[in-house]
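Between the sequences and the hints, there should be enough to build the whole structure, so can you do that?
One line per chain: the protein sequences are Y and P, in this order.
When we follow our numbering, the leftmost residue of the first sequence carries the number 1, and every step to the right adds one.
When we follow our numbering, the leftmost residue of the second sequence carries the number 277, and every step to the right adds one.
No lab work stands behind these hints, which were simulated from the structure alone.
Treat the hints loosely; a few may be bogus.
[What the hints assert, rightly or not] Within a straight-line C-alpha distance of at most 20 Å, the following computed SDA-like cross-link-like pairs (lysine to any residue) qualify: (1) Y:Lys117 / P:Lys458; (2) P:Lys491 / Y:Val55; (3) P:Lys491 / Y:Asn88; (4) P:Lys458 / P:Gly482; (5) P:Lys515 / Y:Ala131; (6) Y:Lys72 / P:Lys458; (7) Y:Lys72 / P:Thr500; (8) P:Lys491 / Y:Gly42; (9) P:Lys491 / Y:Gly142; (10) P:Lys490 / Y:Asp220; (11) P:Lys491 / Y:Ser169; (12) Y:Lys72 / P:Tyr496; (13) P:Lys490 / Y:Val55; (14) P:Lys491 / Y:Asn41; (15) Y:Lys117 / P:Pro516; (16) Y:Lys73 / Y:Asn88; (17) P:Lys491 / Y:Tyr15; (18) P:Lys515 / Y:Asp114; (19) P:Lys515 / Y:Ser167; (20) P:Lys490 / Y:Thr62.
Remember, predicted model here, so these are calculated numbers, not experimental data.
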Amino acid sequence: MEEPILQACGLQFSYDGKTPALRGVSLDVRAGERIAVLGCNGAGKSTFFLCLNGVLTPTGGTVCLHGQPVGKKDLTRLRSSVGVVFQNADDQIIASTVQAEISFGPMNLRLPMDEVKRRVDGAIDYMALEAYRHRPPHYLSGGEKKRVSIADIIAMESEVILFDEPSASLDPAGAAMLEDVLGRLADAGKTLLISTHDMDFAFRWATRAVVFAGGEIIADDTPEGVFRNAEILKQARLAPPAMLTVFDALRTRGLFGADTPVPRTPDALVRLVQKV
Amino acid sequence: MAHTHKHAGVRAIDAFAYASGLNGWNPTFKVVLSVGTILVCLAADCVPVSLAVILSMGALIVRRGGLPLHDYIGLLGVPLAFLLLSGAAVAAQITSGPTGDWNLVLPWFSVCVTRASLRFALGLTLKALGAVSAMYLLALSTPAGELTSVLRRAHLPGILVELMYLIYRFIFILLDTHARMKDAAESRLGDRDFRTACRSFGQTAGNLLLIALKKSGAYYDAMTARCYDGGLAFWEEEKPFRPVQAAAALAYWAALVVLALAVR
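Shown next as C-alpha cells:
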C-alpha cells in the first residue's frame, strides 16, 4: 500500500484543559481519497480539521505530512499542503474585494506576483467568479460567498482540502454547484475530506467514511460498511441514507439478487428497477 | 444583489461608492484631487471660490458619478444642518444690551448680529461646505478598501492599515448580525413599548459584543489556516492613472486660484 499523504497519530486536544475534544484520534489519508467525516455536532470533526491544518496544536499525538512529523517550525508547510474551507464563509472572507480575498492565501505563501495572479485568475475561472471579481464580499449571496471561500483554497493549490460542513445553509442550486466542484477536484487528483450531516451525499460521493463520536473515531470503513453497521449508527446517532433503506426494502421483496451492488444515486436505482 | 437592507448610513455611502461612475478612477488621484481642492478652498477663503467648489464637486459627483441628485442632497443634509447651526452660533453674539444691526432682546441679555459677523459666518459656512463637497467626492466614489490601500502606499504604519481592512469588513458582519438580532427581538414583541425596546437594545448590544469576540477568534483561525503570519497582503486592483486627469485637476485648481485673485 502506498504511503499516506497525511497522518494523524493519537491526536488529543482540549479547548479548556479539562474536557477533551479529541481523545486519541488516528487516521491515515491516502492521495486521491474522498473521505466523508460523519458524526453529530460536538463530536470533534471541526477540531480534528483544525488540528490537521495546524491551526490548533494538539495537546498529544502528531500530524505527519508525507511521513514526516510536523513540528512547530514547519507549520507553514502543513498549512500550504492542507487547506480548510470553513463552515461559515463569513468567518473566512477578510478582504474587501473577491480578487483581493482569493489572493490572500497565495500572497501569504510569498509567491512571486505573477504566480499569485495566475493562481487567482485560475481560481476565479474554476469557481466561475469572473463577474464578481471586483465586488465586495458583503454584496454577495450566501452561495456566492461559499464559492469565494472555496476559490480561496483552490488558489493555494494544496494537495489535501478539508471542507467543514460545506453544504450547511446552501440552497439546492448551491448544493449542486458544490457537488460539481467536489467532483472536479476529485478528478483532478485532490485528496478531499468532507465533514457533513448529509448522509445521502456522503453515501453517493465518498469512497470512505469515518465516524466521530465523543472525540474518537468509532468507525472507518466504506460508506456502505458504515451505514450497514446498526451499532455504529446508533452510537453516533446517525440515520442511514434514504437510498440504502429503499434499496434494502426492495431487495427484501426479492426485486434484486442478493449480490446486486447498492445504487448510489436515485437515477441508478431507477435504472435498476426498470431492468427488473 | 443579495442584501435587501434599507439604504442608510455607512451602507449607503459604501453602496454609492461601488456604484459610482468615478469608481474606475485611480484612487490615489482621487485622494490628491480631493485633498488639493480642500486646501485651495480653505486657502482662497472667499465666497465665489467656495460656491464654485460646492457646485463643481456636486456636478462631478452627480453627473459623472451618476449619483441621483436627490440622494446627494440627502447625504449633504447631515453636515449642512451641523454647519448651519454652527454658522448661526458664529454669526450671533450675546451682549448685555441691544447692539448690532439686528438684535433679539431677551430678559437678561440680548442676541445680536452685525452685518460683518453675518458675512463672516456665511463665508465660513460656505468654505466648510466646499471642503465637505470635496471630501464627498472621495467618499462617494472610493470604497474604503481602496482608500486603505492608498494609505498603505503612503507608508502609514502597517498595524493601522491592517486594522482598517479588518474593521471595514467587520462593520458589515456586525451590521448584518445586529439586523438579524433586532428582527428576532421585534418578532417576539421586543419593541412593544419604550421600556421593552430599551431592554431589547441593551441585550442585543451585549450579545453583539460576545459575538464579535467569538467571531474574531473564528476569523483568526481562518486567517492562520491560510498561512497568515502577521502581515496582511492582497493583490489589489490597479486602476490606471490617466495623465489627462492630472492635467484637468491642475487646470481646475488654477481656475479656482484665478477666481480667488480676480475677486480680491
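Next item on the list: Take a quick look at whether Lys72 (chain Y) and Tyr496 (chain P) sit within 20 Å of each other, Cα to Cα.
Entry: Holds. Lys72 (chain Y) to Tyr496 (chain P) sits at ~18 Å (cutoff 20 Å).
Next item on the list: Would you mind confirming whether the straight-line C-alpha gap from Lys72 (chain Y) to Thr500 (chain P) stays at or under 20 Å?
Entry: The given pair, whose Cα atoms are some 14 Å apart, holds under the 20 Å limit.
Check: Holds or violated: Lys117 (chain Y) with Pro516 (chain P), Cα cutoff 20 Å?
Finding: Since the Cα atoms of Lys117 (chain Y) and Pro516 (chain P) sit roughly 17 Å apart, the hinted pair holds (cutoff 20 Å).
Notebook entry, point to check: For the pair supplied as a hint, Lys491 (chain P) and Ser169 (chain Y), is the alpha-carbon distance within the 20 Å limit?
Noted result: holds (18 Å)
Note to self: Hint check: Lys515 (chain P) vs Asp114 (chain Y), CA-CA at most 20 Å. Holds or violated?
What the structure shows: holds (17 Å)
Next item on the list: Verify the proposed pairing of Lys491 (chain P) with Asn41 (chain Y), using a straight-line Cα cut of 20 Å.
Entry: holds (19 Å)
Note to self: Please verify whether Lys72 (chain Y) and Lys458 (chain P) have alpha carbons no more than 20 Å apart.
What the structure shows: The given pair, whose Cα atoms are some 44 Å apart, is violated under the 20 Å limit.
Check: Does Lys515 (chain P) pair with Ala131 (chain Y) here, judged by a C-alpha cut-off of 20 Å?
Finding: holds (17 Å)
Next item on the list: Mind checking the alpha carbons of Lys490 (chain P) and Asp220 (chain Y) for me, to see if they're no more than 20 Å apart?
Entry: violated (33 Å)
Next item on the list: With a cut-off of 20 Å on the C-alpha distance, tell me whether Lys458 (chain P) and Gly482 (chain P) pass.
Entry: holds (12 Å)
Notebook entry, point to check: Between Lys491 (chain P) and Tyr15 (chain Y), does the CA-CA distance stay at or below 20 Å?
Noted result: Answer holds: Lys491 (chain P) to Tyr15 (chain Y) is near 16 Å, not above 20 Å.
Checklist line | Satisfaction of hint between Ser167 (chain Y) and Lys515 (chain P), Cα-Cα up to 20 Å | finding: violated (36 Å)
When each numbered hint is compared with the structure, violations occur for hints 1, 6, 10, 16, 19, 20.
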